[in-house]
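Engineer: Each chain is listed here by its residues.
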Amino acid sequence: MKTIKYSVILLLLIAAVLLPVFTDAYFISVAITILTFMTLSLSWDMMLRTGQLSFGTAGFFGLGGYTAVIISADLGVDPYTSIIIGGLVAGSIALVLGIAILKLREIYFAITTLALASVFSVIIRNLHKITGGPSGKIVYQTLFDYDSTKIYWLMLGIALGTIVISELFKRTRIHFAVDSIRADEVVAKSHGVDIFKYLIFVFVVTSMIQGVVGAAYAQQYGFVSPESTFSAHYLLLPISMALVGGIYSTIGPIVGAIILGLSSEYLKLMMPYGHLIIYGVIIVLVVLFIPRGVYGTIRDFISERKHR
Amino acid sequence: MKDLEKSAFWKKNSKLIYLITAIALLALWRPHAILYGIQRGSLYSLIGLPLSLTLGVVGIMNLAHGDFLSLGIYVSYMFFMNLGVDPLLSIVPVTLILFGVGVLVYKLTITKVLKSGHLNQLLLTFGISMILIESLNVIWTSRPRNVYVPYASSSMTIANFTFGTYELLYVLFAFAVLIGFQLFLKKTRLGQATYAVGQNPRGAKIVGINIGFVYLVVFGVSIAILGIVAGVMLPRSSIFPMVGAPYTMRSFCLVAMAGLGNLPGILISGIVLGIGEAIVQSIPGYSGWSDLVFFGVLIAVISIRSMRRLAL
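Protein chains in written order, with our numbering: chain G, 336 to 643; chain Y, 82 to 393.
The reader is advised that the hints may include incorrect statements.
Straight line, CA to CA, 30 angstroms or less: simulated DSSO-like cross-link-like pairs of lysine-lysine [said to hold, decoys possible]:
#1 G:438 <-> Y:268
#2 G:524 <-> Y:196
#3 G:641 <-> G:505
#4 Y:96 <-> G:438
Hints listed in this document are in silico derivations from the structure and should not be mistaken for laboratory results.
Pulled out of the complex, with its shape left as it was, chain G reads as follows (with noise of 0.2 angstroms):
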C-alpha cells in the first residue's frame, strides 16, 4: 500500500515537472496562477490548524511584493536574493506585529489581521519617497525576461517547498502542540504547551511563505501598486480554494486550488466583470453545506465505509 502511495506521488511530481514540455504557453500561465494561490492557500490553511483565523495573506503577500520590487529597482538588488529578502521582511514584521496580536484570539484576532492589508497600503501610499506613492513602483529588470518555463518551475518549487513545510507541521512535535491549541487551549496550556511560542512561529513561518510568493509574483510582472497588490483576490481565492478543497489538511488546498483554478479560467470566458461572486457564493455554500471540502469529505466517506 504504501510503495503504491510513493510511486503516485513519485509519478505526480514528475508530471508536474515535466508540464511545460508538453503543453502550450496558454496552459502554463494558468499553471503559475494556480501554483500561486496553492501556496497561499496552503499557507492560510497552516495557520488555521492552530485555530486562529487570519485574514492577513493580502497583507504578507503584498508587503513582500513590494519589498522585493523596491529593494531590486533601487539598490540592485537581483531578482532571487530580492525574493528571499521579500519574504524575510514579511516574516519579520508578522514577528513584531504578532507578539502584539497574538495575544488576541478568535474574532479579535481576526478583525485585527483583516486590517493589515488595509493598514500597510496606508502606509505605503503615504511613503512617496521609498514605494512610489499611489501610482506604484516599476522594475525594468523582470524575472528570467518572462520566460514562463522557469516561472513555472520556480513557483512549483515555492509550492513544493510549502507542501513540505505543511508535512513537516503535520508530522512533528509541531503538530501536537498546534491541534491541541485548537482543540482546547486551556487544556493545551495546562499540559505545558507554550502556546504563545508556538503561534507565533506558525504566524511568522506562514507569513514568510506569502512573503515570498508576493515577491515571486511581483518579480514576474516587474509591477507593484497599492491596488492591485493588495487587493482582496489575494485573500478571497486562497480561503475559497482551502475550504473546498477541505481544511486542515494539506492535500484539501491542493485539490481546491486545482478545481477552483482550472474553473475560475472557463468563469472569465463566460462572465468576465462578475465572476468573483461565484467565490463569495462558494465560500457561503461550502460554509453551510460541507464545511469539511471536496477531500474531508471524501476521506471521512471512505474511513467511514471502513469501518463498518
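Given the structure of chain G, go ahead and fit chain Y onto it with the hints provided.
Structural biologist: Positioned in the frame of chain G, the structure of chain Y alone reads:
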C-alpha cells in the same frame, strides 16, 4: 446627604467630565478639527451601534456590516435618481428594504451557523461581504457617483468660525438612535427579552423566551438602522461599491474600545476616534495617515486590556 449624592455623581461621571474637559481644551487649540471630529465620530458610532448590538446579543461578528451600508446607499441613490425622493425622506423605504434583506440573510444563512463556532461564522459573513461588494460592482460599476441636494452644503458662521451644518445631523441621529436603543432595551417587553438573551441565552431559553425570534429581530434591526445611515450619508459622500467597507473595521474598533454591551460607550469612543482622526488630518502633510488612527487605537486598546489581564 446632599454631599453624598454629589460625590456619588462625581464618582460615576468623573471619567466623562475629564473627557469633556479634554475635548474643550483641544477645541481651543484646533476648533475645526474638534467639530469635524465630533461630526465624523457620530457617524462612526451611528454605524457602530447596530454592530455592537448584533455582536452582543446574537454573538456574531458581521464582516458584511459596512457592505450592507453600501447596499443601502445605492438603494437610496436609486430612489433619488429614479423617483426623485429626497435622500432624507428615502430613509423610510430604505430602512424597510434593508430590514427585509437582513431578515432574509438571517433566515437563509446566519441561523445555520449559530452553533458552529466563530470560524464558520466569520468565514460566512466574509463570503457575504464579498458577494455584496462584487454584486454592487457588477450592477452599478465602480464609477463614483454623487448626489446634489442644496441643503447638504449649507454652512453657518458664529464669530468668524464657519462650519458645515449638515453634518450636525450625524450627531443628532447618533443620539436619537442611541436613545431609541436604550428605550427599546429598557422599556419594551421585546427589549427586556433581548437584554436577557444577551446576558445568558440558555437561561433566557429556559424562562421561555423565543431566542430565534430575538436573534432575527436584532439582526434585522441592526441592518435596518444602516438604512438611516445610508439616507443621511448619501448627500455628503461619493458613492462607490467599497464606500461602506472601511466602516466595518472602525465599528469593530469602537466595540473593542467600549466593550461588549456598552452602548453609550460606543458613542463616546466614536467621538474620541473621530477627533483623533480629525486632528491627524489637520496636520499639514500628514493627512493621509489618518486612516491608520483606528488601527493604532485598536492595538493600544488590546495591549492595555491584555496587560490588565482582562479577557477581551
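Engineer: If a hint holds in the structure, say so; if it doesn't, say that too.
Structural biologist: Against the structure, the hints:
At roughly 39 angstroms between alpha-carbon atoms, residue 438 of chain G and residue 268 of chain Y are farther apart than 30 angstroms, so this suggested pair is violated. For the proposed pair residue 524 of chain G and residue 196 of chain Y, the alpha carbon gap of about 25 angstroms is at most 30 angstroms, so the pair holds. With a CA separation close to 23 angstroms, the supplied pair residue 641 of chain G and residue 505 of chain G stays within the 30 angstroms bound. For the given pair, residue 96 of chain Y sits about 28 angstroms from residue 438 of chain G by alpha-carbon distance, which is consistent with the 30 angstroms threshold.
Figure legend: structure checked against the earlier numbered hints; the only hint not met is number 1.
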